[in-house]
Amino acid sequence: MTDFWIILTGTLVAASCGVLGCFLVLRKMAMVGDAISHSVLPGIAIAFLISSSRDSLLMLIGAAVFGLITVFLIQALQQGGLQSDASIGIVFTALFAIGVILISRNAANIDLDLDCVLFGEIAYVQWDTLIWNGYDLGPIAVWMLGGTFLIILAAIGLFYKQFKLCAFDPALAAALGIPVALFHYLLMGLVSLSTVASFESVGAILVVGMLIVPASTAYLLTDRLSVMLLYSILIGAISSAAGYYVAKWLDASIAGSMISVAGLLFLLAFLFSPLHGLIVRMRKRGRLKTVEAS
Amino acid sequence: METYPLEVERLTVAYQKKPVLRSVSFGIPSGKLIGVLGPNGAGKSTLLKAVLGLIPKVEGNVSIYGRPYQEQRKIVGYVPQRESVDWDFPTNALDVVMMGRYGHLGWFRRPGSKEREIAMECLTKVGMADYAGRQISQLSGGQQQRVFLARALAQNAQLYFMDEPFAGVDATTEKAIISLLHDLKEQGKTVLVVHHDLSTVKEYFDHVLLLNGELVAAGPTEDTFTSDNLQKTYGGRIAMLQDFGAATVGTV
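Going line by line, the protein sequences match chains F and W. Taking full-length UniProt numbering, the leading residue of the first sequence gets 1, the next gets one more, and so forth. Taking full-length UniProt numbering, the leading residue of the second sequence gets 1, the next gets one more, and so forth.
To be clear, the hints were calculated from the coordinates, so they are not data collected in a lab. Treat the hints with caution; some may be incorrect.
[As the list claims (entries may be wrong)] Taking lysine-lysine pairs in the PhoX-like style, the calculated list, with each CA pair at most 25 Å apart, reads:
| id | chain 1 | residue 1 | chain 2 | residue 2 |
| --- | --- | --- | --- | --- |
| 1 | F | 161 | W | 185 |
| 2 | F | 161 | W | 114 |
| 3 | W | 17 | W | 74 |
| 4 | W | 125 | W | 114 |
| 5 | F | 161 | F | 28 |
| 6 | W | 125 | W | 185 |
With the hints as extra help, turn the sequences into a complete structure.
Here it is in structure tokens:
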């Protein structure tokens, strides 16, 4: 059962992040995903201080609020004339630092370990189970991640055309009357949600890997957005399962192994993808040269 | 009195407090091809974006057939500059053209076979039917521009705004665009085109707007596209411009 719960948790993290990651990568906002995953920390810490328990719902709300604050601040700095990468760097490190202070200052009172926040501990997920009417319904994390994944699927499924057009051509989207800013914040809200739902299992740092690596791999393998979303989920799921067994074999960090496998899959796609891989591109270039020579 | 397809009153637009357009007012006659001309930074694209509500106005009024743009979205088509989007986006030509129908679909309806049919017709009109399934990054610049035009056709609008459709396209595409513009005109539609190549202005447009932060002149091409007005619009670089103006005056 242990294997099953851990792999399921990892897969749900990967699936939630994989879907959103596709849109972040296509909008060239991968670093905003990175920023959000870090700056939700004060939200989590404050929720902890208020409830002094691991009340998941309150943590989700706290994190979502800080995720949106992050996006808002980054935009405000950019509009104030600062470069976008500098704005991202300033906002997320500042908020993350506040989170670190909040947690370390109150370490005695709260059962929230900084290591766990940063790196996650997916192996512990199975012991924190949801008990309802005396029945053990499985790990809380699985329920939370499952719920998050369903919310993401519902939002993207319902507004697929809006998300797609906002990613491809926001000017046309705005001209057609699609509320571009609303969908921007909706996407960022979902990223915050999936980050905080995932942080217990994979931590604030590795969740970025789940957001960006499977999506970037999928991007290399297809020319259609719908297929890219599907591949991204599949690659995330494969990374979770394979990463778990690698971790068992090496006796090493599970989350670390999962992202390492994802990184390896990316490397394979980068080199060997039949559409955009390095080798195919080099062959094409070689063929052009021979045509020119003859 | 006839209502103008587009009427702009005292439009002022600024980027971070620096005014780009200052109190621009004009009305556009119906069923004409209109060239928007001016040097770089004259606010041509800004004018289009402000009219479409993509950037905030400091002051002024814009009406489309006598009503605010927000109420008239469905009868307005827009072709942004080709460089404004990422052509590596995972999608194909047909799919991009179908995006022109999104405005008619409302919040929840998904594009279906009807939209596919319309999109295919529009691709055929721009001579791109054979490329419907092609990934958009594999198209040439001119082909990408034609896909954008097909997308605007799919919007089935009365009034079109095109931002530099002739920029960096091959001769085939330029001809395709021109014949398309004439088709639209014959159907009684009005098209505003941001344009750079002064040598083709007389040939392409019935009506011109000369912009240089302010509106220098607006009116029928033969009266308005004169060396005098061009000098006011383009300032010192008149030496090369004189020919166009002189030629215009000569043929009137």
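To see whether the hints hold, each was checked on the structure:
Between residue 161/F and residue 185/W the alpha-carbon distance is near 31 Å, which puts this suggested pair outside the 25 Å criterion. For the hint pairing residue 161/F with residue 114/W, the CA-to-CA distance comes to about 16 Å; that is within 25 Å, so the pair holds. Restraint check: the Cα-Cα separation between residue 17/W and residue 74/W comes to about 32 Å, which exceeds 25 Å; the hinted pair is violated. As the CA atoms of residue 125/W and residue 114/W are separated by approximately 17 Å, the hinted pair is consistent with the 25 Å bound.
A hinted pair counts as satisfied when its Cα atoms are at most 25 Å apart, and residue 161/F with residue 28/F qualifies at roughly 19 Å. Restraint check for residue 125/W and residue 185/W: satisfied, since their Cα atoms lie roughly 15 Å apart, inside the 25 Å limit.
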